[in-house]
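S.K.: Note that the protein sequences, when read in sequence, are chains A and B. For the first sequence, our numbering begins at 1 and goes up steadily by one. For the second sequence, our numbering begins at 1 and goes up steadily by one.
Incorrect hints may appear among the rest.
[What the hints assert, rightly or not] Mimicking DSSO-like on lysine-lysine, the simulated pairs with C-alpha atoms at most 30 angstroms apart in a straight line are:
| no. | chain 1 | residue 1 | chain 2 | residue 2 |
| --- | --- | --- | --- | --- |
| 1 | A | 67 | B | 41 |
| 2 | B | 41 | A | 99 |
| 3 | B | 14 | A | 67 |
| 4 | B | 41 | B | 14 |
| 5 | A | 56 | B | 14 |
[As the list claims (entries may be wrong)] From the derived model, a few chain A residues whose C-beta atoms are all more than 12 angstroms from chain B:
| no. | residue |
| --- | --- |
| 6 | 13 |
| 7 | 21 |
| 8 | 57 |
| 9 | 78 |
| 10 | 83 |
| 11 | 108 |
[What the hints assert, rightly or not] Derived CB-CB ranges, DEER-like:
| no. | chain 1 | residue 1 | chain 2 | residue 2 | range |
| --- | --- | --- | --- | --- | --- |
| 12 | A | 51 | B | 113 | 35 to 41 angstroms |
| 13 | A | 14 | B | 40 | 23 to 29 angstroms |
| 14 | B | 2 | A | 17 | 24 to 30 angstroms |
| 15 | B | 40 | A | 44 | 18 to 24 angstroms |
| 16 | B | 8 | A | 71 | 37 to 43 angstroms |
| 17 | A | 39 | B | 27 | 43 to 49 angstroms |
| 18 | A | 52 | B | 14 | 23 to 29 angstroms |
I should point out that these hints are in silico values taken from the structure, not numbers from a laboratory. On a predicted model such as this, the values are computed, not experimentally measured, just so you know. In this text, a Cβ means the ideal position worked out from N, Cα and C, and glycines have one as well.
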Amino acid sequence: GEDVEQSLFLSVREGDSSVINCTYTDSSSTYLYWYKQEPGAGLQLLTYIFSNMDMKQDQRLTVLLNKKDKHLSLRIADTQTGDSAIYFCAAQVGDSSYKLIFGSGTRLLVRP
Amino acid sequence: GAVVSQHPSRVICKSGTSVKIECRSLDFQATTMFWYRQFPKKSLMLMATSNEGSKATYEQGVEKDKFLINHASLTLSTLTVTSAHPEDSSFYICSASVTDTDTQYFGPGTRLTVL
Numbered sequence: 001g002e003d004v005e006q007s008l009f010l011s012v013r014e015g016d017s018s019v020i021n022c023t024y025t026d027s028s029s030t031y032l033y034w035y036k037q038e039p040g041a042g043l044q045l046l047t048y049i050f051s052n053m054d055m056k057q058d059q060r061l062t063v064l065l066n067k068k069d070k071h072l073s074l075r076i077a078d079t080q081t082g083d084s085a086i087y088f089c090a091a092q093v094g095d096s097s098y099k100l101i102f103g104s105g106t107r108l109l110v111r112p
Numbered sequence: 001g002a003v004v005s006q007h008p009s010r011v012i013c014k015s016g017t018s019v020k021i022e023c024r025s026l027d028f029q030a031t032t033m034f035w036y037r038q039f040p041k042k043s044l045m046l047m048a049t050s051n052e053g054s055k056a057t058y059e060q061g062v063e064k065d066k067f068l069i070n071h072a073s074l075t076l077s078t079l080t081v082t083s084a085h086p087e088d089s090s091f092y093i094c095s096a097s098v099t100d101t102d103t104q105y106f107g108p109g110t111r112l113t114v115l
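Could you build all of it, start to finish, from the sequences and the hints given here?
M.R.: Right under this line is the structure:
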């Protein structure tokens with residue numbers, strides 16, 4: 001079945017760029033998502049990318065998709081302390097399923 | 001737009017009792033709602049999918065008699081943890097989407113502690 005993997009931890013200085021990486025195994029996944037979770041809270045949808053796209057930019061967020069390598073990344077420009085949270089990558093299972101498989105989450109710590 | 005609420009946000013109950021968690025889509029009609037469970041410092045595990053007016057579809061390994069799901073309207077789904085035990089303590093998160101292949105919007109979660 002689909003497997004989604006992320007590195008567990010990333011620490012950056014305020015103002016720097018953050019890059020969070022994710023790999024997935026199901027090449028038929030149509031949509032790939034990035035969610036943010038703050039302590040004790042639910043998940044906030046940050047952005048998503050359709051599998052026929054290589055890149056999507058939304059203000060400070062840039063998503064890059066390498067479909068050949070099944071690699072997804074989320075770049076946060078000018079990272080702020082308020083960006084400190086856990087970031088989850090999620091892949092849709094197959095090309096017509098509603099199921100999402102989540103990575104383990106990357107904890108981003110932004111140092112002042 | 002696309003706001004999903006959950007109630008309660010926290011609940012503490014005694015072992016053996018039942019607990020009901022509500023999930024509401026506040027500004028859209030959700031054909032499909034999903035229930036997830038999240039263990040500490042772990043990812044989300046899908047428990048079940050509910051479609052309005054029909055029986056929920058449970059993931060493998062999830063006891064349907066223990067986790068009762070009702071999706072009575074296009075804006076409300078409930079999860080009832082029956083005869084709760086300490087191992088049921090967890091963070092339960094719901095999500096909702098307009099159709100079953102559309103983007104999922106998540107609720108803020110409910111932390112259940114069973115003593």
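S.K.: Give a verdict on every hint.
M.R.: Hints and how they fare:
1. A:67 x B:41: Distance ~28 angstroms between residue 67 of chain A and residue 41 of chain B Cα, so the pair holds.
2. B:41 x A:99: holds, 21 angstroms
3. B:14 x A:67: Violated, at about 49 angstroms.
4. B:41 x B:14: holds, 24 angstroms
5. A:56 x B:14: violated, 48 angstroms
6. 13: holds, 24 angstroms
7. 21: Label holds. Min Cβ-Cβ 16 angstroms, cutoff 12 angstroms.
8. 57: holds, 18 angstroms
9. 78: holds, 26 angstroms
10. 83: About 18 angstroms separates residue 83 of chain A from the closest Cβ of chain B, which puts it past 12 angstroms; holds.
11. 108: Holds, because the least Cβ-Cβ distance between residue 108 of chain A and chain B comes to about 14 angstroms, which exceeds 12 angstroms.
12. A:51 x B:113: 35 to 41 angstroms: For residue 51 of chain A and residue 113 of chain B the Cβ distance comes to about 40 angstroms; the hint holds.
13. A:14 x B:40: 23 to 29 angstroms: The hint (23 to 29 angstroms, Cβ to Cβ) holds, given that residue 14 of chain A and residue 40 of chain B are roughly 27 angstroms apart.
14. B:2 x A:17: 24 to 30 angstroms: Cβ of residue 2 of chain B to Cβ of residue 17 of chain A: about 28 angstroms, so the range 24 to 30 angstroms holds.
15. B:40 x A:44: 18 to 24 angstroms: holds, 20 angstroms
16. B:8 x A:71: 37 to 43 angstroms: holds, 40 angstroms
17. A:39 x B:27: 43 to 49 angstroms: violated, 25 angstroms
18. A:52 x B:14: 23 to 29 angstroms: violated, 52 angstroms
Going through the hint list in order, the structure does not satisfy hints 3, 5, 17, 18.
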